[in-house]
Amino acid sequence: DGGITQSPKYLFRKEGQNVTLSCEQNLNHDAMYWYRQDPGQGLRLIYYSQIVNDFQKGDIAEGYSVSREKKESFPLTVTSAQKNPTAFYLCASSIMPGETQYFGPGTRLLVL
Amino acid sequence: AQSVTQLDSQVPVFEEAPVELRCNYSSSVSVYLFWYVQYPNQGLQLLLKYLSGSTLVKGINGFEAEFNKSQTSFHLRKPSVHISDTAEYFCAVSENWGAQKLVFGQGTRLTINP
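Just so you know, the sequences run in chain order A and B.
The first sequence begins at 1 in my numbering and counts up by one.
The second sequence begins at 1 in my numbering and counts up by one.
All clues given are correct.
Straight-line Cα separation of at most 27 angstroms, DSS-like style, residue types lysine-lysine; simulated pairs:
(1) A/57 to B/49
(2) A/14 to A/57
(3) A/57 to A/71
(4) A/71 to B/101
(5) A/9 to B/101
(6) B/101 to A/70
Simulated from the structure, these hints should not be mistaken for laboratory data.
Since the model is a prediction, treat every value here as computed from it, not as a measurement.
Please put together the full structure from these sequences, using the hints given.
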């Protein structure tokens, strides 16, 4: 089955800790995206990548970092600089930029 | 830059009643429009999209939406809802040039009562 997987489903972060959220797709899509979802605010774009070894900041990139070393993988690191990391994080991909985006099941990040 | 406003944060309806979820957008250029559905603790699933052509777009699960350029709207409708339609619905827009990033509305929670 082709699709997008995110792991873990739940993640707990301690103060001052960096954590990494995994996103993998086997759809052979060029573009990948990370969104943050907070109640009542819809989805906000954190980072996106249009092609391997390239990525761009979205609207709320501060406190986050990404890499795109392989076409199928786009991990997101939530750094200690992100002071309010509690949220639902969604990864998406599209065959190319501007085409329909397909979403993974999400990772819920909680702070201990 | 484009923006999206979903006019209702919550919409309660009775089962088998019709429903309309409203979405307005603003953009200085031509756009693509999308509706996604999110069930609790899950990712988003595409319901339908408007890219060009006919302004009435039909999607999955019996939903349809109409693009109205003069009113900059893309309202979602279903003639008869089911309990299983209970979910959050997101309208999204992207400009049809450049980076073509998706911008989402705040979401509308649809609750179906028996």
